[in-house]
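Make the full structure from the sequences, and use the hints.
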Amino acid sequence: MTELINRILSGMSPTMPLTRLLITILIMVVSAAIVLAVSLLYEGFATYAERKVAGDIQARIGPNRVGPYGLLQFVADGVKLLLKEDIIPFYADRWLFIIAPYIVFTVSFAAFVPLSYSDHVSIANLNVGVLYMIAISSVVSMAILMGAWGSNNKWSLFGGMRAVAQIVSYEIPIVLSLLAAIIIPASLSMRDIIAYQSGGLGIFRWLVFNNPFTLIAFFVYFIAAIAEVNRTPFDIPEAESEIVAGYHTEYTGMRFAFFFMAEYGDMFVVSAIAATLFLGGWQIPFIGGIPMPVWLREVLQVGVFFTKVFLLIYVMMWIRWTLPRLRVDQLMELCWKYLTPIALFNLIGASVWVLLLHDRGVYDIIARVFTR
Amino acid sequence: MEPKKIYGILSEKFGGKIKQFVENTLPPSVLVETDAIADVCRFLKEGDGLDFTSLMCLSGVDLKEQGRMAVVYHLHSMKQKHKITIKVELDRNNPHVQTVEQVWPGANWYEREAYDLLGIVFDGHSDLRRILLPEDWEGHPLRKDYVYPKRYHTWDV
Amino acid sequence: MTNADEKFMQVNMGPQHPSTHGVLRLLVTTDGEVLSGVKPYIGYLHRALEKIAERVTYPQFSPFTDRLDYLASMNCNLAYAMTVEKLLNIEVPRRAQILRVIMAELNRISSHLIAFGSFSSDMGAFTPFLFGIREREFINDLFEIACGARLTYNYIRIGGVSKDIPGGFIEKTREFLDYFPAKIKEYNELLSYNAIFIKRLANIAVISPDDAFDYGITGPNLRASGIKWDLRREEPYLIYNELDFDIPVGKGEMGKTGDAWDRYMMRIYEMEQSAKIVRQCLDLLAPGDYTAKVSKVLKPPAGEVYVRAENPRGELGFYLISDGSTKPYRLKIRAPSFANLSIIPKLARGVMIADLVAIIGSLDIILPEIDR
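Residue numbers (this note's numbering), protein chains in the order written: chain A, 1 to 372; chain B, 1 to 157; chain C, 1 to 372.
Don't read these hints as lab results, they were simulated from the structure.
Among these hints, one or two may not hold up.
Restricting the straight-line Cα-Cα distance to at most 25 Å, the calculated cross-link-like pairs of lysine-lysine (BS3-like) are [stated by the list, open to error]:
{"#": "1", "chain 1": "B", "residue 1": "Lys83", "chain 2": "B", "residue 2": "Lys17"}
{"#": "2", "chain 1": "C", "residue 1": "Lys346", "chain 2": "C", "residue 2": "Lys228"}
{"#": "3", "chain 1": "B", "residue 1": "Lys81", "chain 2": "C", "residue 2": "Lys86"}
{"#": "4", "chain 1": "C", "residue 1": "Lys293", "chain 2": "C", "residue 2": "Lys86"}
{"#": "5", "chain 1": "C", "residue 1": "Lys51", "chain 2": "B", "residue 2": "Lys150"}
{"#": "6", "chain 1": "C", "residue 1": "Lys327", "chain 2": "B", "residue 2": "Lys64"}
{"#": "7", "chain 1": "C", "residue 1": "Lys199", "chain 2": "A", "residue 2": "Lys337"}
{"#": "8", "chain 1": "C", "residue 1": "Lys39", "chain 2": "B", "residue 2": "Lys79"}
{"#": "9", "chain 1": "B", "residue 1": "Lys144", "chain 2": "C", "residue 2": "Lys327"}
{"#": "10", "chain 1": "B", "residue 1": "Lys64", "chain 2": "C", "residue 2": "Lys256"}
{"#": "11", "chain 1": "C", "residue 1": "Lys251", "chain 2": "B", "residue 2": "Lys81"}
{"#": "12", "chain 1": "C", "residue 1": "Lys228", "chain 2": "B", "residue 2": "Lys81"}
{"#": "13", "chain 1": "A", "residue 1": "Lys154", "chain 2": "C", "residue 2": "Lys39"}
{"#": "14", "chain 1": "C", "residue 1": "Lys228", "chain 2": "C", "residue 2": "Lys256"}
{"#": "15", "chain 1": "C", "residue 1": "Lys251", "chain 2": "B", "residue 2": "Lys4"}
{"#": "16", "chain 1": "A", "residue 1": "Lys52", "chain 2": "C", "residue 2": "Lys51"}
{"#": "17", "chain 1": "C", "residue 1": "Lys346", "chain 2": "B", "residue 2": "Lys79"}
{"#": "18", "chain 1": "C", "residue 1": "Lys86", "chain 2": "B", "residue 2": "Lys83"}
{"#": "19", "chain 1": "C", "residue 1": "Lys296", "chain 2": "B", "residue 2": "Lys45"}
{"#": "20", "chain 1": "B", "residue 1": "Lys17", "chain 2": "B", "residue 2": "Lys4"}
{"#": "21", "chain 1": "C", "residue 1": "Lys327", "chain 2": "B", "residue 2": "Lys87"}
{"#": "22", "chain 1": "C", "residue 1": "Lys256", "chain 2": "C", "residue 2": "Lys199"}
{"#": "23", "chain 1": "C", "residue 1": "Lys299", "chain 2": "B", "residue 2": "Lys64"}
{"#": "24", "chain 1": "C", "residue 1": "Lys228", "chain 2": "B", "residue 2": "Lys83"}
Next up, the structure:
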């Protein structure tokens with residue numbers, strides 16, 4: 001987007017600073033609106049998909065009343081949530097209680113910014129993209145704790161405490177496993193990382209296949225990411241059968257919807273990171289090398305990117321509707337006794353690999369052997 | 001072991017404290033003096049060859065015509081596979097009996113229930129509160145002369 | 001408040017809480033996630049059934065027994081009918097006895113299906129719940145064929161059953177029996193042997209045989225502690241002495257004998273055995289009377305009986321005193337869940353909140369029966 005602004009501004013006279021500023025702001029607002037609209041639409045359809053997937057797994061039909069195949073169910077849900085009474089408990093800390101859902105939603109929305117959807121489609125190609133994502137997604141824990149504390153409900157407090165403990169702990173294996181991948185392209189920019197994964201029929205140079213350590217890192221990341229977004233089997237912060245609804249027990253109507261949408265937004269973000277860093281992002285598999293018009297390539301790239309992300313989200317849904325929930329201490333045990341050490345040693349292994357073979361992956365080595 | 005034989009063992013051990021053996025109830029019952037019930041129960045649980053491991057049921061009964069109340073213990077042994085009913089009769093105006101909670105911890109709730117619904121006081125009970133009815137309920141509904149209340153707090157009943 | 005008290009937090013779990021299986025209220029004292037004590041409060045569903053019994057005639061009380069354990073109404077009807085029959089010395093015709101066994105065992109399966117399902121949803125896996133409901137629906141259809149009702153059946157009456165089974169019932173039941181074993185296998189694959197599920201339940205809330213005796217625990221919970229005690233075998237009523245079935249006992253397959261997993265697994269094993277019993281009964285079913293000749297007005301001789309029957313949740317006992325009139329003088333209901341629940345304060349000491357949910361679920365209590 002910065003490039004877009006620069007390109008438009010470069011055609012203008014530099015003597016009109018106010019107009020330049022206005023145009024910049026306008027483009028920013030428009031692109032933010034597009035992202036918001038797309039992400040809301042995605043969140044709507046993700047809830048629909050969740051219910052359909054659940055229905056499929058549970059041998060029932062799922063929503064099928066509103067619109068064709070129940071596709072407009074999320075509109076009905078949204079209207080219902082908008083019309084619901086907005087209850088603020090009498091003893092709640094009003095300020096914290098009100099602001100928490102907005103922070104959660106803003107944060108999950110902000111995480112869409114550095115993602116690279118195709119060669120040219122991205123909001124901002126940050127050179128610290130991955131770092132930014134990790135940083136911004138850990139703000140969620142603060143917002144959840146604000147909401148939980150502000151509700152002045154003991155179950156909410158339980159949920160908030162659990163959420164913070166869980167999110168903060170699982171940040172560590174996430175970062176360590178991401179590092180194991182990042183050291184190969186040696187860049188934090190989402191677009192650079194994806195660009196690095198080109199070639200090899202658009203599949204074999206994916207970082208997940210680069211070396212054995214990145215493969216392990218991918219699985220560690222995915223498990224930890226499920227915990228990061230509080231989904232079963234790691235959904236203890238909102239474990240319905242234990243602590244009612246956790247940190248959002250007291251929230252109703254749109255405030256609750258913000259928490260709810262943020263969860264789906266987070267799912268998209270963690271899946272997008274996995275797709276970007278490990279699964280080649282928008283690299284078109286097999287036919288990527290064929291010459292084609294730019295617009296077609298862009299469309300295909302966006303399609304490929306979203307397909308990868310949605311497949312990962314589907315796996316998350318599949319896991320959610322299949323597995324029971326872990327207990328708090330078992331969750332921490334999994335993080336500190338298994339995932340963190342694995343990720344740490346994995347990072348060392350990946351570093352040694354890079355030190356010895358530079359950025360050559362398994363595919364490069366095999367390809368070189370055959371071409372020789 | 002036959003109930004009759006159990007009655008024999010009990011009479012031998014406790015003498016006059018064991019009052020009567022009634023055969024036509026199912027299971028046959030032994031009427032015990034009120035002040036001996038805790039000892040009798042402990043003996044039934046721990047005595048040789050008796051092994052009454054569990055208290056199947058503890059019920060309070062209001063015998064209004066006789067002016068008495070009864071507490072009925074249905075005992076059962078999963079080791080010896082025999083059963084017996086033990087009964088005590090209390091003064092209806094001031095029903096007091098020793099608790100058997102120390103013998104079978106499960107009696108705790110049954111005794112609370114008998115206290116709640118019939119007003120039988122179990123001496124030595126660790127936590128004698130109402131169990132099924134609200135704590136501020138008046139009267140004991142399973143008594144035969146219970147008068148139904150017209151109101152409870154702000155509700156018409 | 002002293003310093004020692006400040007360390008703890010008191011939370012009300014229930015009467016409105018997703019996993020207290022109704023309106024049980026537990027006053028929980030916690031130190032963070034660890035419980036230091038639990039105080040159960042019951043009676044929210046108290047309907048004074050024992051008082052009602054003193055005001056209605058013997059047959060009129062039969063529908064009230066439906067409302068004791070509403071998931072196993074047939075078994076409650078059966079226990080009550082047997083109590084009154086014992087007092088009246090009625091001999092029940094053989095066909096009626098077989099029909100009673102069929103209904104009681106089908107109801108045992110359907111009750112255990114709910115136990116299995118609700119327990120799995122307590123553990124955070126919602127899908128098995130719907131699988132359980134799916135099979136229960138089949139049994140509900142069978143009951144609807146037999147008596148027209150799907151929840152409170154009141155099919156087993158004093159003297160026999162309310163009417164003979166219509167044509168098609170036997171075929172439909174056989175169809176169910178052929179279909180059911182595969183489903184049990186599915187449950188085991190999905191939930192029973194799931195690693196997370198086992199980790200949550202093994203060695204949790206172990207009930208030793210002595211504790212079980214002391215608290216009067218009966219039914220599957222007692223058998224899980226390794227004691228082979230089943231009234232159907234030890235004091236056979238109806239035609240149980242002619243039937244060939246096993247009594248599963250807890251062996252501590254995943255941990256100590258009598259832990260939560262054993263208690264859960266008893267129900268799965270018992271469903272298999274019940275299906276086996278129903279199959280044998282269908283073969284034994286020969287034409288005959290479906291009810292004994294019972295006069296319209298029942299006037300049992302003065303006397304008292306204590307009769308118990310093996311319900312899905314343990315031994316249901318009726319202590320009935322007759323004074324020779326048409327109404328019971330005193331009816332005491334010994335509900336299995338009442339005794340099973342009374343052990344909770346002992347079990348739930350030093351466990352975690354999530355374990356408390358596992359304990360309640362594994363004991364499989366039902367509140368209408370406890371509160372009466």
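message: Checking each numbered hint in turn, tell me which of them this model violates, lowest number first.
response: 8, 10, 15, 16 and 19
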